[in-house]
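Chains as they are written, first to last, in my numbering: chain P, 1 to 156; chain U, 1001 to 1534.
Just so you know, these hints were derived from the structure itself, not from any lab.
Bear in mind the structure is a predicted one, so any value in this text is a computation, not a measurement.
A portion of the hints provided could be inaccurate.
[Said to hold, decoys possible] Sample of chain P residues at the chain U side, in silico, Cβ under 8 Å:
no.	residue
1	M19
2	V22
3	S32
4	R99
5	A101
6	A155
Virtual Cβ for every residue (Gly too), placed ideally from N, Cα, C.
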Amino acid sequence: MSENITVNNQPFDEAELSMLNVLAGHIIPEDSERNLPSGSSVAFLDSLIENAPHTLSQLKDELIRIEQSTNGSFVNLPRSEQVQALTNLRIEQPDLLNRFAIHIYSCYYQDPRVLAHLGMEARAPFPKGYTDKILRGDLSLLDPVRNRGPIWRPAE
Amino acid sequence: MPDDVVDVLIIGAGASGAAVAWSLAETKMRIVCMEQGDWMDPAQYPSNHADWEVRRSDMHPSPNHRSRTADYPVNDDNSPIAILNYNAVGGSTILYSAHFPRFHPSDFAVRSLDGVADDWPISYHDLEPFFAMNDHNIGVSGLAGDTALPPHDPPLKHLPLGLMGEKMGKGFNQLGWHWWPSDTAIITEPWNGRGECLNLGPCNAGCAQGAKSSADIAYWPDAQRAGVELRTNCRIREITVDSNDMATGVIYYDADGNEQHQRAEVVIVACNGVGTPRLLLNSKSSAFPDGLANRSGLVGKNLMLHPWGAVEGTFDEPLASHFGPQGSCLLSQEFYETDESRGFVRGYNMQITRGNPPISTAIGGLTSGRIPWGKDHHNLFEKYFDRSVYLGICAEDLPEEHNEVVLDDEQKDSNGIPAPKINYTLSENSRRMLEHGLNSGVQAFEAAGAIEINKAPYPLRYAGWHLLGTARMGNDPERSVVNEWGRSHDVKNMFIVDGSVFVTSGGVNPTTTIQAVALYIADSIKRNLANLFD
């Protein structure tokens, strides 16, 4: 079980928490070639409860639907069968888990390991900024524009 | 205090109200500005926090989404373009991208040149010194020599182009089209005690560095030091008039919701192209049963919004495109001036803006279907992140009387003042212009070597920043609301200084022209002080 699942008085039971963890790993799988973690290994549960409480009811309904489609055994299925079950469900309901996925994306792309892979630091932009990241630019590229001369229309 | 009479009462502390306050301060008159919002605290802006991307939602540009105490609702259900603004000291400049291109000389003479709409009663030449004054006051960066405009020299060096800017410049060159680094209201060198841009990124959620020249930091400190009093959290309900059709002051609600009256010798309205007609239409009296200064019937009419189109181009190499001021890089005005062979009159600006940061890239990709969740997620994220560039099309919107701001019958703000309602339809000319613009954007990206190009459906809904034309300027009191220097035809001690007075919209972001017009009107007031009401 993930270290994320530590919230007191949270609205999910143990079975639902297990499902959420498995689903987060399907939404963003681990990528060993890029050394990128899976969605299940980033902290998502606290912020889900705190910042997206309006999505929880729909999410719980979606968990029930997934469980029903696999006769209550989703988390125990081999990964390939989990993928197939989700694929089948999303043919009928293309937006299944999309709100949860938006939340996973938000958390994932704030994770220091992920940002480091993107060449970014996990920090506030201010006050350090990013002054070394952008070229001033080669202004000689403007020579053809200059050589063409004015294009504005006099009005007086 | 409530029975005090101030010399000048300015309503609204945004782009135009701040410029007017600064200019009039030298008269030593007693000047009070009332603003329905409060001061912003730059330490609270998202870029102070590591989770800045998520926090940007707190600064949503639609007042209907934000619903802060300072906001008033806007019924824009009957418009394909949503109304955007911000209510605080600094107004919508708190959130603007600071892309700062000027109107062209032809924008002031569209009837004479192209036979459409109306000419302005003033010219680019009249405004030129005020453009330059404003550039200097707030600190505008850019590069002298832009061939699409009469010569002008921005006081600060241009923003960095970056790899993405060079790539797009080469594409425009291949097509033989105009392009130029944008004039931008972001300081690139220390200026008037403010530090230069650090490429924080999210300019349109407030600038923590203070490098973006929003009116709260670029104008108000100087205006206050010069003696202007700024009262925040004051929401004006109506402007009052006497039996001689002269404004006597305003009725407003203070921060505690108490009704107050402030008397004034001169009233200056600076509430933007939606807020100004809302206030005038709500200021009914026996002398003005259809709203104050509305004997022409044109208050609220001729709303112009700049319909917006967008194209995204993706390249096959990293461009560091997500770093830097998001809304400002370079522009092309190849199709700004009229060429009727294109199938429309007037023209548009193409604004090259930077790519999205990680979360926006991922979620935008999820909602568009280009970066789905599942096994291909990492490959597809890598395809778009740091490799995407955006091209915005700002289409000139011609004035049409049926595009309007009226008072809503049902919605009200927290003080019970009727909300504005927008009735707006996109014209056939605008449709053709946007189609042309989108195709031009595709050509530009193809020439620049993009491997994937996507056109967004037009007009973009959340693009109604530019609120213009609803109290137009003119010499004929039957066909305009204010005269050539912003004074109401009907109420001779009331002036309007915001984008409401625009006769036409141009095809560029209007803030520099709004501020130049405001400074020009303030200068006219100063030159006419001896006989201001004649």
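Note to self: Of all the hints numbered above, which does this structure not satisfy? Sort the numbers upward.
What the structure shows: As far as the earlier hints go, 1, 2, 3, 4 are violated by this structure, in ascending order.
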